[in-house]
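With the hints as constraints, model all of the structure from the sequences given.
From first to last, the protein sequence lines stand for chains Y and X.
Numbering-wise (full-length UniProt numbering), the first sequence opens with residue 1 and increments by one.
Numbering-wise (full-length UniProt numbering), the second sequence opens with residue 1 and increments by one.
Be aware that a few hints might be false.
To be verified - In silico lysine to any residue, SDA-like type, Cα no more than 20 Å apart, as pairs:
no.: 1; chain 1: X; residue 1: LYS370; chain 2: Y; residue 2: PHE103
no.: 2; chain 1: X; residue 1: LYS373; chain 2: Y; residue 2: PHE103
no.: 3; chain 1: X; residue 1: LYS373; chain 2: Y; residue 2: ARG19
no.: 4; chain 1: Y; residue 1: LYS184; chain 2: X; residue 2: ARG356
no.: 5; chain 1: Y; residue 1: LYS231; chain 2: X; residue 2: HIS437
no.: 6; chain 1: X; residue 1: LYS275; chain 2: Y; residue 2: TYR449
no.: 7; chain 1: X; residue 1: LYS414; chain 2: Y; residue 2: PHE103
no.: 8; chain 1: Y; residue 1: LYS184; chain 2: Y; residue 2: ARG13
no.: 9; chain 1: Y; residue 1: LYS231; chain 2: X; residue 2: VAL428
no.: 10; chain 1: Y; residue 1: LYS184; chain 2: X; residue 2: SER188
no.: 11; chain 1: Y; residue 1: LYS178; chain 2: X; residue 2: ALA199
no.: 12; chain 1: X; residue 1: LYS75; chain 2: Y; residue 2: ASN94
no.: 13; chain 1: Y; residue 1: LYS93; chain 2: X; residue 2: GLN78
no.: 14; chain 1: X; residue 1: LYS275; chain 2: Y; residue 2: PRO451
no.: 15; chain 1: X; residue 1: LYS192; chain 2: Y; residue 2: ARG198
Just so you know, the hints here were simulated from the structure itself, not pulled from any lab data.
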Amino acid sequence: MNTPLDSSCVIDRLRATFRSGVTFPEQFRMTQLQNLLSLVEENEQLIQDALHKDLHKPKFESVLSEIQITLNDLYFAMENLRTWMQPEYNIGKNLATRMDDCFIRREPLGVVLIIGAWNYPLHLILLPLVAAIAAGNCAILKPSEICQATEQLLAELIPKYLSQDCYAVLCGGAEDTKSLLKNKFDHIFYTGSQVVARSILLAAAPHLTPVTLELGGKSPCFIYGHIDIQKAAKRLCWSKFFNTGQSCVAPDYVLCTAQTRDALLPALRETLRTFYGPDPGASLDMGRIVTPRHWRRLMDMLEKSKGKVVIGGGSREEDRYIAPTVLVDVQESDALMQEEIFGPILPILTIESLEEGIDYINRQEKPLALYVFSDETSVVTTVLNNTSSGGFCGNDGIVHMALPGLPFGGVGASGMGSYHGRWGFETFSHRRGCMNRSWLLERVNVLRYPPYSDYNLGWLRWATTFKKNSWGGCSVM
Amino acid sequence: MEKQAVQRAREAFLAGRSRPLEFRVQQLKSLQRMITDRQGEIATALKQDINRSQYDTPLFELIGLENEISLAVSKLAQWAAPRPVERNLLTISDQAYIQPEPLGVVLIIGAWNYPWALTLQPLVGAIAAGNAAVVKPSELSEYSASLLKALLPRYLDQELYPVVCGGVSETQELLRQRFDHVFYTGNSTVGKLVMEAAARHLTPVTLELGGKSPCYIDKDVDLRVACRRITWGKFVNCGQTCIAPDYILCEPSIQNRVVEGIRQTLLEFYGPDPKSSPDYGRIINQRHFNRLMTLLEGYTATVGGQSDSSQRYIAPTVVKDVPPQARLMQEEIFGPLLPIVTVSDIDDAIHFINEREKPLALYVFSSNKKVIKRMLAETTSGGVTVNDVIMHYTLNSLPFGGVGQSGTGRYHGKHTFDQFSHHRACLVKSLGLEEVHMVRYPPQNHQKVRRVRLAMRTPLVDFSKGTYIWAVTASIVALGLLVALTVILILAAGVSCTCL
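What follows is the structure, encoded as structure tokens:
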């Protein structure tokens, strides 16, 4: 555990390093990104072991959703760093500024704080770190204390591979995080729950620190209209039960008609048997709930639910196992519909029309993700146009977050800001608008000086007005 | 009352009225008409609020606003359209794009120094992005606030864009309501309170604050032009501009010439008695007047220094050799007082600037490219103008906003639209190509892991420079070979013919 004094010393040291300007040059950032790449590549087995210890994560999931996604983001950042760092010159000018050099610089912010989460303890802290390094900042990492093996591994490996003067790992619980937040940072990046997010924003306000919040919510999944139910069931099961349902973008619940539901259930049963065999508890590909406390929360919700369990329902306290479970006849007021589930429990709500489903969604908070399975373009378009969510994926689940070209983030209660790929770089940068004025054309400038007159005003208006489809043609001056 | 206005705005937004592009354009054009039709009344209100000259009003408030509206009307369809993004192997047959969407009901809190521009420019972006907006003009510019409250409902949809007037308690009541974004222009003290209030609802904020914008004058510069430009930017609106050059940094050797340059320019601009010039403004209220007079205590003005409390008049004032610890250097001046702090060289200047909070604007006057480059690379600020002041504000393709204590977020032009939008990441897949997707399903094995790794690699095609050069070269060589082959074939055919 780090004492408040330790943390302040670390932050001061990082700030002094930042002031020296050592993190600014492209070469430095590239070297650190390369080192981070080596960290992940050279320690894959250790990472998989730690993730298995913390979350019983199957090797496949560790590779796909923790290691590979981090490596991809690193490759993407390294390949594009030079372009991202270039000042942006291609911006429109008006007549009065035609002789000037106008551009937007991307500048580092300073010392940033990245707070990780427990469900993807590696990538949720390393992807923001990639962006922070690429943008030229120093960073403090605060991994989730719930995943102790991963936390320890990060605390050990980061100082070994990355510059210790620029990047530090601080470990600790809720109290330590609270005192850490009393310090001033130039940006705070938090992944986690809404409750904690509020206290982070309140801690950031006195310092006017900008914040990125990656939160969650109940991500709805429509299955509507004409659709290949077998394929849809496969993709739904994969995205729902991946990481044992503990993904911020897992489809939380399904909205479909009674008819679709009746076709869906056998498809789900068959898929689950193909995926995990007759006893998912014995399958190597099935994970576990992260802690006894979280297991208890899920079991409570299941017990209080008035829905009917049609698939699964089994559980085991000793190893925090809950079988992939599907319930039907779930109402809006059900215990399962009051908070984000974050577990391998899938309620199916029956609707009679698409509008009914859309109205239901719009009565809730804006979710982090929204899914629609349908062959009909009109269905997809209707849902897209009449709802809002952080991100959207049609005919699949989760995978929209694996495309680095798409910004990943929430809206409303599901978060603010975004990252992945270039979006992370922009999040951790300041966009400084610069205008380098020429010494010439002082005659034009004269128009703006007192003593004022109608004559001058007329000409100035003409020179500075935006003209529709202006072709930047001849200048009278 | 505040609660009801917000409630009605939300209901109107949920009914979908503000979303269609035609509606947004129509509202923006209506706003344009309001500004054109009512220019006279707006100028009168500003004269009463802050003694704004009749020319400063269009120059500083209205022209910029009109440009913003024209730009938004002209580009709206483009801004609101889906923005496609790069795909990888797994998503090659899918649609991947970012869809800008309205956030909902936003709150815009205006400021008193440019009450029309700073309240209505954000509104232009909010309308363009399809939101409803509650507008809260500053109560310190009370004539403008009352006029806005009377005019806006006559031109814009009354429920979607209500104007709420009032002081601190009304603002606090507003901030207790839930918004989807809060846009605040003002000082950092209130900025922190706004952020705190927004935090309770997890509402994102844009804060356009201020700070001490430094102005560095290099030795070998045309001081005549530099001083003229600086004088203009400093004393317009009587120094009450968030991006006015707050203080000057220069070497002792040129200090006197700088003072002379400014003195000369002031004579040109306002005549020997600025108090009687129609082009020189006044301080907004007694409290700020007293604040500024206190800053000046203990220092002798080199230029100006006169004041008249009854008119809230302070002459354009310059103070030489100001020590860094003076009160004048502890807070944003926001008035017609211009301190000059001497520094030994560019290193000293950069060090001085970096010791302080990040300013909203930074100015550097120099003919030396190296000096300019260093200043830009070794400092940070919201924005920069080199060899002039304020002008970066006027180009709406440049993002305008602060960093650190000078603010968070940015706007102007398309940036306002983006600030008031949610950029929703959309991936629309087909259920085809299932064979490719089979690799990700359990039960798992080594081969599947390898294949999925490959499929996830981005980018799909390596567009790096090396590959590009190779591709072009290879194409040229291939084309050359093709031409050569064709020529040979023709010749061969020709030879056979003549033989016969």
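Here is what the structure says about each hint:
Between LYS370 of chain X and PHE103 of chain Y the CA atoms are separated by roughly 17 Å; this keeps the pair inside 20 Å, and the hint holds. Distance check on the hinted pair: LYS373 of chain X and PHE103 of chain Y sit about 13 Å apart at the alpha-carbon level, within 20 Å; holds. Restraint check for LYS373 of chain X and ARG19 of chain Y: satisfied, since their Cα atoms lie roughly 17 Å apart, inside the 20 Å limit. This hinted pair checks out: LYS184 of chain Y and ARG356 of chain X have alpha carbons roughly 15 Å apart, not beyond 20 Å.
Between LYS231 of chain Y and HIS437 of chain X the alpha-carbon distance is near 10 Å, which keeps this suggested pair within the 20 Å criterion. At most 20 Å may separate the alpha-carbon atoms for a hinted pair to count; LYS275 of chain X and TYR449 of chain Y meet this at roughly 17 Å. Under the criterion of a C-alpha separation no larger than 20 Å, the hint pairing LYS414 of chain X with PHE103 of chain Y is consistent with the structure, at around 15 Å. With a C-alpha separation of about 13 Å, the suggested pairing of LYS184 of chain Y with ARG13 of chain Y holds against the 20 Å cut-off.
In summary, the hint linking LYS231 of chain Y to VAL428 of chain X is supported, as the alpha carbons are separated by about 15 Å, within the 20 Å threshold. Restraint check for LYS184 of chain Y and SER188 of chain X: satisfied, since their Cα atoms lie roughly 15 Å apart, inside the 20 Å limit. The suggested pairing of LYS178 of chain Y with ALA199 of chain X holds, with an alpha-carbon distance near 16 Å, which does not exceed 20 Å. Between LYS75 of chain X and ASN94 of chain Y the alpha-carbon distance is near 16 Å, which keeps this suggested pair within the 20 Å criterion.
Under the criterion of a C-alpha separation no larger than 20 Å, the hint pairing LYS93 of chain Y with GLN78 of chain X is consistent with the structure, at around 18 Å. Between the alpha carbons of LYS275 of chain X and PRO451 of chain Y the distance comes to roughly 13 Å, so the proposed pair stays at or under 20 Å and holds. Between the alpha carbons of LYS192 of chain X and ARG198 of chain Y the distance comes to roughly 15 Å, so the proposed pair stays at or under 20 Å and holds.
The structure fails none of the hints (numbered hints given earlier).
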